[in-house]
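Protein chains in written order, with my numbering: chain Z, 1 to 879; chain D, 1 to 112.
Wrong hints could be hidden among the right ones.
Stated by the list, open to error - To give an idea of the interface, some chain Z residues facing chain D are shown, with a C-beta separation under 10 Å as derived from the structure:
1. 31
2. 59
3. 75
4. 511
5. 634
6. 637
7. 638
Said to hold, decoys possible - Here are the computed distance ranges between Cβ atoms for each label pair:
8. Z:73 with D:44: 21 to 31 Å
9. D:6 with Z:109: 28 to 38 Å
10. D:80 with Z:92: 34 to 44 Å
11. Z:92 with D:93: 35 to 45 Å
12. Z:92 with D:84: 54 to 64 Å
13. Z:9 with D:93: 26 to 36 Å
14. Z:1 with D:6: 36 to 46 Å
15. Z:781 with D:73: 49 to 59 Å
16. Z:136 with D:80: 14 to 24 Å
17. Z:92 with D:36: 37 to 47 Å
18. D:80 with Z:47: 18 to 28 Å
What the hints assert, rightly or not - To give a feel for the contact side, a few chain D residues facing chain Z, derived at Cβ under 8 Å:
19. 8
20. 22
21. 26
22. 27
23. 44
24. 47
25. 49
26. 53
27. 64
28. 67
29. 74
30. 75
No wet-lab data here; the hints were simulated from the structure.
The structure displayed is predicted, hence computed values, not measured ones.
We put the beta carbon where it would ideally sit given N, CA and C, even for glycine.
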Amino acid sequence: MFDLDKAIASWRRSFRYRRVFFEDDLEELERHVRDHTAWLVGQGRPEKEAFQEALRKVGDYAVMEAEYRKVFWAKTKHRRNLLRAFVGEMSMLKNYVKVALRNLQKHKGYAFINVAGLAVGITSCLLILLYGQDEVRYDRFHAHADRMYRVLEANTAETNASSMFFVADRLVEAYPEVQAATRLFRHWEAPLIALEQTGYIEDQFFFADSAFFDVFSFPLLRGDPETALDAPFSVVLTETAARQYFGDADPMGRTMRYNTRHELRITGVMQDVPSQSHFRPDFVAAMPTLPLVSYARIQEQWKVFYTYVVLREGVPADDLAQKAEDFYRRHYGPDSPARLLLQPVTEIHLRSQVANEIEANSDVRYLYLLSAIGLLILLIACINYMNLATARSAHRAREVGMRKMAGAYRGQIVRQFFGESLFLSLLALLLSVGLARLLLPVLNQLTGKALSLDLGAGWLLAGGIGLALWVGLIAGVYPALFLSRFHPAEVLKGQFRSSRHGRWLRKSLVVVQFATSVVLLIGTLVVYQQLDYVRASKLGFDTEQVVVIPVQDPEVRRHYATLCEEWLRNPEVVAVGATSSSYPGRSHSFGHTVKRVGASEDEAVVMYRNWVDSSFVGTLGLELAAGRGFSGAREAEETAVLLNEAAVQALGWTAPEAALGETVLLGASEERMVLGVVKDFHFKSLHHRIEPLILTPQYHTPTNLLVRIRPREVPRTLNTLQATWERFSPGQPFTYTFLDDTVEALYRADARWGQVVGYAALLALLIGCLGLFGLAAFSAEQRTKEVGVRKALGASVFGLVALLSGDFLRLVGVAFVVAAPVAYAIMHHWLENFAYRIEMSWQTFLMAGLIALLVAVVTVSYQAIKAALADPVKSLRYE
Amino acid sequence: MISKALVAASLKPIILSLLAHGEAYGYEILQRIENLSDGKLQWTAGTMYPVLHRLETKGLITAHWRPSETGPRRKYYRLTSKGSRVLEVEKRQWLDVHAVLLKLWGPELSFA
Chain Z
1 MFDLDKAIAS WRRSFRYRRV FFEDDLEELE RHVRDHTAWL VGQGRPEKEA FQEALRKVGD
61 YAVMEAEYRK VFWAKTKHRR NLLRAFVGEM SMLKNYVKVA LRNLQKHKGY AFINVAGLAV
121 GITSCLLILL YGQDEVRYDR FHAHADRMYR VLEANTAETN ASSMFFVADR LVEAYPEVQA
181 ATRLFRHWEA PLIALEQTGY IEDQFFFADS AFFDVFSFPL LRGDPETALD APFSVVLTET
241 AARQYFGDAD PMGRTMRYNT RHELRITGVM QDVPSQSHFR PDFVAAMPTL PLVSYARIQE
301 QWKVFYTYVV LREGVPADDL AQKAEDFYRR HYGPDSPARL LLQPVTEIHL RSQVANEIEA
361 NSDVRYLYLL SAIGLLILLI ACINYMNLAT ARSAHRAREV GMRKMAGAYR GQIVRQFFGE
421 SLFLSLLALL LSVGLARLLL PVLNQLTGKA LSLDLGAGWL LAGGIGLALW VGLIAGVYPA
481 LFLSRFHPAE VLKGQFRSSR HGRWLRKSLV VVQFATSVVL LIGTLVVYQQ LDYVRASKLG
541 FDTEQVVVIP VQDPEVRRHY ATLCEEWLRN PEVVAVGATS SSYPGRSHSF GHTVKRVGAS
601 EDEAVVMYRN WVDSSFVGTL GLELAAGRGF SGAREAEETA VLLNEAAVQA LGWTAPEAAL
661 GETVLLGASE ERMVLGVVKD FHFKSLHHRI EPLILTPQYH TPTNLLVRIR PREVPRTLNT
721 LQATWERFSP GQPFTYTFLD DTVEALYRAD ARWGQVVGYA ALLALLIGCL GLFGLAAFSA
781 EQRTKEVGVR KALGASVFGL VALLSGDFLR LVGVAFVVAA PVAYAIMHHW LENFAYRIEM
841 SWQTFLMAGL IALLVAVVTV SYQAIKAALA DPVKSLRYE
Chain D
1 MISKALVAAS LKPIILSLLA HGEAYGYEIL QRIENLSDGK LQWTAGTMYP VLHRLETKGL
61 ITAHWRPSET GPRRKYYRLT SKGSRVLEVE KRQWLDVHAV LLKLWGPELS FA
């Protein structure tokens, strides 16, 4: 017996997963069908027939569903029924998750490769994010950070971070917009600070005005910020410094010695300065102290003070800069080209590249480059996912077909696959948090910071999840769109073929991955080659075994000649020289004008200058191109100078000999005689061309002693040097640095970059291999039958391996061809940073290509060999 | 068979006009149109109901349920005042078009 109600119930059930039909709609449709059936029955038709006709007459179900879908959202809004729609979505989600998990379990290997690849990508981004947010935060902890500016002097030659002493006072006087101003000064000769027997050379010893604590937010743990820096000889120190000298005792009111001669009174203890500050003082002394412990000239004539101002609320810096446009003209003279610039303090760390910075700053371009590398690696990881997902589409095709048959429309399938990629991406996120923790020490070593992964930090959580969501979206987009396109009929009949289009895309994705790896590899190799070149370069002087010892104590300075003689008695000491200014690897004094007698003003050359004694040239091993060095005859050679070859050339002489005995004008009017010409040597890094340098004799205030010692028994020799030293200067500790370390430090940034690029290359290669491994496995799987047949027909294992790997290795070849010119262009640009650089050789490129090829071969061959060794009987037996 | 486009274009004015004569439920509307057009206009439930629903969201018609003697209740639709204003506009437009066509087809016009 035909049961109408049962039939109708069954008919209604078919609408169950069609969420575009509300319950009301189904009720309406049921009513309609019943009415129609009843009418047909009334016409004399049997009930079953009538019902079936009524169903037919409803129309094409696909069309109907499409029409209902068009109205769906409008109806939802009209009914304010979004909640119900959302709940519907959620129940589908349960199903998607179930299927995703099942898939994961069935194909653990592929799932692992996917998750691992994504995790590596996300980890790189997390680490770079960590680094970035630290860099961006510099100097923002000050209360007035958004109104705080450093005063720069922009001149024709360069812009200077430091200004003259009077600038701060004049600004406060002349402009009411300036709320507070302070000067900061750090002496180029770091002072010896001593407390009874403990003494250290403090190179973060600053002088500042009493408004220091009004401008900067460095909280005082002890002492009053209003008065701590008022009186001369008062000093504030950080808690770590206090602990170093005083242990747990209270340092307030105690006295410390400055350079053995002056007494400073401690008027405050301040909190340690956070690492995210562009300057990090350990000691801050009151500015009135400065003329009492050093030359008065500093304050009157030298441009060595860092001036900071805080503007009043609501005053835009540009307005003040405009008003102060003629500031320097009023003080230097109407012809002065100097201009006043206000630099926001928060921009100093990343964007300031002016002359005379307190500390070497970072560069925002590093941040951009690192971000680019991070994104690149992430992209490669997403490409991996896409490749694997679409390669294995045959497996998912049946499922897609079934779903479509059951009535799912394309949008639902797309959503399902997105859900899967998001799910995997979140899994990868979990994995990468662990990975990031592991790799944190490496990051800290690379950047010289002390970063930590604080999971509680809101931004990190938000950033990580946001990242995972984006990755899931990007990685999932292609597979979702590709897999949802399948036609159920074709797929279920088993007629699935991997489309040409898809295969071509997969190949190009592999090429992109490996090309990126090759570019990074070449980059790494070139950077290391350049650094090697730099290290091995003839610098024009001998860096080996030269110890540099700073001298502060005036006693030692007075008797340094005797000290040197004592040292020379040791057979392990080869030579000792002194400088009163600088030595190679450190910045040299610049701005000294030299011109030939009778030459005009524009023929004057601005050059570097160093003040050295007679043994300096010999100790460093500098060679003379003409004439001789200083002999030590102080009076006779009082006006003698040495020039380097670059200086000679700049002054217009054709040969070094031509300059001998000639007179030059140093500065405005000092007449000097050229005693000798030194061969050019790299007193700056190889980033710069060798520039003109003038050496003048000085014997009475050596700041650094250079001691060349024999390479044997270095520690013993150092001990002997120390013992002698202590006889001369019981107060000052014996500190030393090696000249080759100082020189090496010039290239520290480059070395770090080399490391970063190296790691990036490693990561890119790793991810590329993961992908290749998966693809190779899949390809081998696809061709199981083919391999079986070939083997049965007598193919050799070697031949089969070659067959299965050939395709992939060819792709790597293409990748190399693509990568080489790109790498060349990039590295050529980088090498232009160096005035003295290597030529890139084809061997380097070849090596990178071979490395990539080797890695690919190893990756692919595992699968290929496994497939080739499989028993053909087994592979041909099953469908 | 009347072309799809014409059927689709006429759905709205026909429904509104029909409801102007009084309220009706879905199946009823379908039947009446079939009768009125002598079978030339045969709408399907699948296409008609979505249109009704859309008109409802636009506020041109309202709906309410009435219990029926047997089985599920019926959803009755009724024209609103906004709907009748819109109907007037539609009517004007159709008549304008119609007038042009009449002029063009002139004396050859015959109702077969």
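We went through each hint and held it up to the structure:
1. 31: This interface hint holds because 5 Å falls under the 10 Å limit.
2. 59: holds, 3 Å
3. 75: holds, 6 Å
4. 511: Nearest chain D Cβ about 49 Å off; hint violated.
5. 634: violated, 103 Å
6. 637: Violated, because the Cβ-Cβ distance from residue 637 (chain Z) to chain D comes to roughly 102 Å (cut-off 10 Å).
7. 638: violated, 101 Å
8. Z:73 with D:44: 21 to 31 Å: Taking Cβ atoms as reference, residue 73 (chain Z) and residue 44 (chain D) lie about 23 Å apart, which means the hint holds.
9. D:6 with Z:109: 28 to 38 Å: Given about 59 Å between the Cβ atoms, the range is violated.
10. D:80 with Z:92: 34 to 44 Å: holds, 36 Å
11. Z:92 with D:93: 35 to 45 Å: Hint holds: Cβ distance 43 Å, inside 35 to 45 Å.
12. Z:92 with D:84: 54 to 64 Å: violated, 42 Å
13. Z:9 with D:93: 26 to 36 Å: violated, 45 Å
14. Z:1 with D:6: 36 to 46 Å: holds, 44 Å
15. Z:781 with D:73: 49 to 59 Å: holds, 58 Å
16. Z:136 with D:80: 14 to 24 Å: Given range 14 to 24 Å: violated, Cβ gap about 59 Å.
17. Z:92 with D:36: 37 to 47 Å: About 43 Å separates the Cβ atoms of residue 92 (chain Z) and residue 36 (chain D), which means 37 to 47 Å holds.
18. D:80 with Z:47: 18 to 28 Å: violated, 38 Å
19. 8: Violated, about 11 Å.
20. 22: violated, 18 Å
21. 26: Because about 5 Å separates residue 26 (chain D) from the closest Cβ in chain Z, which is inside the 8 Å limit, the hint holds.
22. 27: For residue 27 (chain D), the interface hint holds, since the closest Cβ of chain Z sits about 4 Å away, which is under 8 Å.
23. 44: This hint holds: residue 44 (chain D) lies near chain Z, its Cβ roughly 3 Å from the closest one there, short of 8 Å.
24. 47: holds, 6 Å
25. 49: Holds: closest Cβ of chain Z sits about 6 Å from residue 49 (chain D), inside 8 Å.
26. 53: This hint holds: residue 53 (chain D) lies near chain Z, its Cβ roughly 5 Å from the closest one there, short of 8 Å.
27. 64: Given a least distance of 12 Å, the restraint on residue 64 (chain D) is violated.
28. 67: Because about 11 Å separates residue 67 (chain D) from the closest Cβ in chain Z, which is outside the 8 Å limit, the hint is violated.
29. 74: holds, 6 Å
30. 75: Where the cut-off is 8 Å and the nearest Cβ of chain Z is about 5 Å from residue 75 (chain D), the hint holds.
The structure shown violates the earlier hints numbered 4, 5, 6, 7, 9, 12, 13, 16, 18, 19, 20, 27 and 28.
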